[in-house]
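A.B. asks: These protein sequence lines are chains S and B, in that order. So for the first sequence, the numbering used here puts the first residue at 1; every next one is plus one. So for the second sequence, the numbering used here puts the first residue at 1001; every next one is plus one.
Hints are computed from structural coordinates only; laboratory data are not their basis.
No farther apart than 20 Å at their CA atoms in a straight line, the calculated lysine to aspartate or glutamate pairs in the DMTMM-like style are these: (1) B:Lys-1007 <-> S:Asp-450; (2) S:Lys-253 <-> S:Glu-195; (3) B:Lys-1128 <-> S:Glu-350; (4) B:Lys-1128 <-> S:Glu-458; (5) S:Lys-298 <-> S:Asp-119; (6) S:Lys-298 <-> S:Asp-104; (7) B:Lys-1007 <-> B:Asp-1205; (8) S:Lys-298 <-> S:Asp-105; (9) B:Lys-1007 <-> B:Asp-1043.
Some chain B residues flagged as far from chain S (calculated, every beta-carbon gap over 10 Å): (10) Glu-1018; (11) Thr-1027; (12) Glu-1105; (13) Gln-1108; (14) Leu-1192; (15) Ser-1194; (16) Thr-1202; (17) Gly-1206.
Every residue gets a Cβ at the ideal spot worked out from N, C-alpha and C, and that includes glycine.
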Amino acid sequence: MTFTDTLLLAFRNLRQSRLRTSLTTLGVAIGIASLAGMVSLGVGLQEQVVGRLTQSGVFDSITVTSGRANIPGLGGMGRGRAAGRGGQGGQGSTTPTTPAAPLDDAAVARFAALSHVRDAYPTLRIPMSYKYDGRTNAALAAGIPESSRGEGAFQSITHGTFFPDATGASVMLTLEMAQQLNADAPASLVGQTLELSYADSAPNAGGTPEFVAGVQVTRVSLPFTIVGIVERDPAPGANLGLSAVMIPLEQAKAINARAIANPQAFLQGAAPQTRRYTGVTVRVNSAANTQDVQDQIKAMGFTAFSLNDALQGAKRAFLLLDILLALVGSIALAVSSLGIVNTMVMSILERTREIGIMKAIGGSDRDVRGIFLVEAATIGLIGGVAGIVLGWGVGRLINIGANIYIERQGGTAGDLFSLPWWLILGAMAFALVVSLVAGSYPARRAARLDPIQALRHE
Amino acid sequence: MGGTIVKALDDLTLDVAEGEFVALVGTSGSGKSTLLNLIGGLDQPSAGSLEVRGRDLARMTRDELSLHRRNTVGMIFQSFNLVPSMTAVENIALSLMFAGVPRAERDQRASALLEAMGLGGRQRHRPKELSGGEQQRVAVARALANQPPLLLADEPTGNLDSRTSREIMDLIRTLNERDGKTIILVTHDAALASTYARRTVTLLDGHVISDTAAELERA
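Could you put the whole structure together from the sequences, leaning on the hints where they help?
C.D. replies: Okay, here's the thing in structure tokens:
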């Protein structure tokens, strides 16, 4: 018998018991819907978290410090040590093999010239004082590069906007900082002026004379306009670069060149132009290239580390979650596979005589088995398609409901469910395999029926 | 069943030549239907041998038996055994389907067979829309579909009135005399057997108790 004829007979049988076929198919659909829905939830959550982390710049950013000193407890340390050992035959692994390369503007330019590098900028944290409403306090001001616009913690700015331009005297505050300044209405700070001051190394810079470590310096005050207030993202690692007071990178660089960040360096008389940075942040265009760029920077004689390894760990954790969700989702599918077995056994019981006739006129075991397997597979495939549609629909509904709740709680709405093509194909294939497995026992039973007894069956 | 082994056939030897019309006669339980089922390849003997056209059915695999049923024998039953959900043409085409005949050809062949049975206008009718005699004609057409040399009929007139019975038996005789089909007919009706068959074998409790061919030889 040809395969087309097997299909013909199988479809004919399915049509004859429409109600039973559709109920069984619905059972499979619910099973597949629960399985696909669960995995879809796992994938959706992973995309939400990993996607947000990736956007935050945690995994595509490399922190470079000078020399090959080991920074305990951070990724990249092991590699750095291994490189040191390799060069020195295992002796004094913490001693740099090459003299520490200076981490200055030239080095930053070299990093920026590497392929896959999106941006390279010094990590600046300048001790400054701020004066607001008559009170003066100390804070670290961070230099924020233009490339951070719309990324990470700056994806959404709670009040106000990002810096209007890269060089202007504008400042952004964290919500906590804003609340310290004005507990009742932090939003009202936007547009107001915040006076920031730093200790200038030049004694005659035109500010108030002051003594730092016994050396006379000048405190220079600058008026900054508060443009934005940023809320910390509850997602872990999403707050890269966030600091209580944030000013444009160019402003920070200018101040850094003049300010006494490190009194000792100042005492040693380092000229502002050759001032070295304590750290440089290198942003890579994709997390996939992080390791590559990191290795290149190390080869230049710097210490570089990233949290790329942590991302791999997070992905592994989500894989486990996916498997767990899939197992829970499989319960319904297991139940519906019993439904297939039941339907097929019933159908064989009803059609025993027909099977006897088919065998008496020359149908082989294979022919009979084929017909029943195709019936089971058809139930599985139709159930699979219907299940994916059903799972998608229910997921959409839950997503709408959940997002209304999340937004009411002050969170950001997103897609909790994700249905990638591999999940659609995988669920279909799984439905097919499950139905074939479920159908194999009844089909075998039908194929082995004794024709004489089958013909006597009423 | 119940641990008791029932020997349906025992110490039985029978030769049937090609082109013969043999009737197997006996009371119920004599083993005549069992013998027919063995020849038809629906069952296999637990001991002994059964050769049809030089091949021992006792040694055949399940697949070989299904080929035997498909190509070598055609079976006609008392209860017609048509698939109730299929039309007359579809029932006949079903046996051609197992033989792998393409759709267009099997529909055409099935129609031609129905025509030959005098059922030209009944092609799209389902079994329950046909009379007993018409159903049995469809069954005969189905048995002939794969052109087997051997036709096995198990009480073919058991569910038919006397007039229709005669029509069916006439048809079977024609198949023997005109087309040279070997016929083995199982019946409990000795009169029917002697009217149509050229040789009657009588069975009792699994043994042959009389064979008209042997009597002829002795005479």
